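Fit chain B to the supplied structure of chain A, relying on the hints for placement.
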Amino acid sequence: MIDEIALVKDLQNNSSKEVAFRTLITNYKERLYWHIRKIVINHADTDDVLQNTFIKIYYNIESFNKQSKLYSWMYRIATNEAITFINKRAKEQHTDITTYYKKVANSLQSDVYFNGDEIQLILQKAIALLPEKQRLVFNMKYFDGMKYDEISEILETTVGSLKASYHHAVKKIEHFIKNNTD
Amino acid sequence: MNKESLHSEQFIEQKVNKKQPFSVSKGYFENFDSTIYQKTKEQNFPKTTAFKVSDTYFKNLEDRIISKLPKNKKTLKVVRFKKYVLNIIPFAAAAAILLFIGLTTYNFKNNSGIDLDSLTESDFEYWLETNPINTNDIAIVLNQNILDETPFYFTQIEDESIEEFVNTNNNSFLINELDE
Chain A
1 MIDEIALVKD LQNNSSKEVA FRTLITNYKE RLYWHIRKIV INHADTDDVL QNTFIKIYYN
61 IESFNKQSKL YSWMYRIATN EAITFINKRA KEQHTDITTY YKKVANSLQS DVYFNGDEIQ
121 LILQKAIALL PEKQRLVFNM KYFDGMKYDE ISEILETTVG SLKASYHHAV KKIEHFIKNN
181 TD
Chain B
1001 MNKESLHSEQ FIEQKVNKKQ PFSVSKGYFE NFDSTIYQKT KEQNFPKTTA FKVSDTYFKN
1061 LEDRIISKLP KNKKTLKVVR FKKYVLNIIP FAAAAAILLF IGLTTYNFKN NSGIDLDSLT
1121 ESDFEYWLET NPINTNDIAI VLNQNILDET PFYFTQIEDE SIEEFVNTNN NSFLINELDE
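Going down the list, the sequences are from chains A and B.
Using the working numbering, read the first sequence as starting at 1 and increasing by one per residue.
Using the working numbering, read the second sequence as starting at 1001 and increasing by one per residue.
Since the hints were made in silico from the structure, they are not lab data.
Wrong hints could be hidden among the right ones.
What the hints assert, rightly or not - In silico DSS-like cross-links for lysine-lysine, where the CA-CA straight-line distance does not exceed 25 Å: (1) A:Lys147 - B:Lys1039; (2) A:Lys163 - A:Lys147; (3) A:Lys102 - B:Lys1047; (4) B:Lys1003 - B:Lys1015; (5) B:Lys1003 - A:Lys88; (6) B:Lys1052 - A:Lys103; (7) B:Lys1052 - A:Lys29; (8) A:Lys29 - B:Lys1047.
Just so you know, these numbers come straight off a predicted model, no measurement behind them.
The shape of chain A in the complex, shown without the other chains (with noise of 0.2 Å):
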């Protein structure tokens, strides 16, 4: 278990920051991957916002105020890259968020990075569509089974909006599968 601490000391040095900044991404690169991949889907693009976000986080750790922990922190960070680029493609390619994300779902069949069987795409379809705060709230609740005081922080989101959210996810999931399955 990384003492968060030293490496937040370390890193705001200017001495020790470059070594500090390979810990960093050594110990934190898969956890922030598999994130950023539940909300961009396509590995490519996760690789991108992935190095973005340490990109980002070595230009403002200065700015991190270590009022909140240190992981939260960065995934926030990576949340809003990952949200950030979705936005970005959507526009470029002149549609709105849901009609994107329902696209980049459908191309997981041919996606040579999935593996899943038909359950398992239903799923991520059923997902693509849900408002961005849900999907949020589900991928990292279902997925990384971390508690609401965890997502609250990273979120910047009351517990109880959440609950509202993540209850309301699995409701429309759910629906979204019995009308997809026999």
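Here is chain B on its own, set in the frame of chain A:
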């Protein structure tokens, strides 16, 4: 229960007053039904996303990311300065739009049958092409507090940077930026 146990029980009761020491988080019982409902539904959902990644992807990721950082401190300073300048441009660009609206409104007052609502983006873009933005002019329409808050002088922004920003961003977004 024998006398000894009863006596012990009474002793305990006297000490702790049978008060329940445990508590629950706020709203726990109110949300309990919903929680159980969700868990029953989740039982039917697949447990993983089925996304995968190549075995070698995470190896050397550190080197790939670090290679994108500036090589020397001088370059880092330039990057930071550029980032600072680019943060100022939305204000300047939004001010350009207000300048356009202000000037056009004045002209419209003297023309019947034409109103502000009939202005289109193409009107603004034409105006930009035929009236190169001068950052000194823009400063006139900006709130004084924006000029005071930044130590950066607007005359240092390249006019081309402002025009490029305006052309690649939605104009209503720029107006909202200025309002904030």
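Against the structure, the hints:
| no. | hint | result |
| --- | --- | --- |
| 1 | A:Lys147 - B:Lys1039 | holds (14 Å) |
| 2 | A:Lys163 - A:Lys147 | holds (10 Å) |
| 3 | A:Lys102 - B:Lys1047 | holds (21 Å) |
| 4 | B:Lys1003 - B:Lys1015 | holds (18 Å) |
| 5 | B:Lys1003 - A:Lys88 | violated (78 Å) |
| 6 | B:Lys1052 - A:Lys103 | holds (19 Å) |
| 7 | B:Lys1052 - A:Lys29 | holds (15 Å) |
| 8 | A:Lys29 - B:Lys1047 | holds (22 Å) |
Checked against the numbered hints above, the structure breaks only hint 5 and satisfies the rest.
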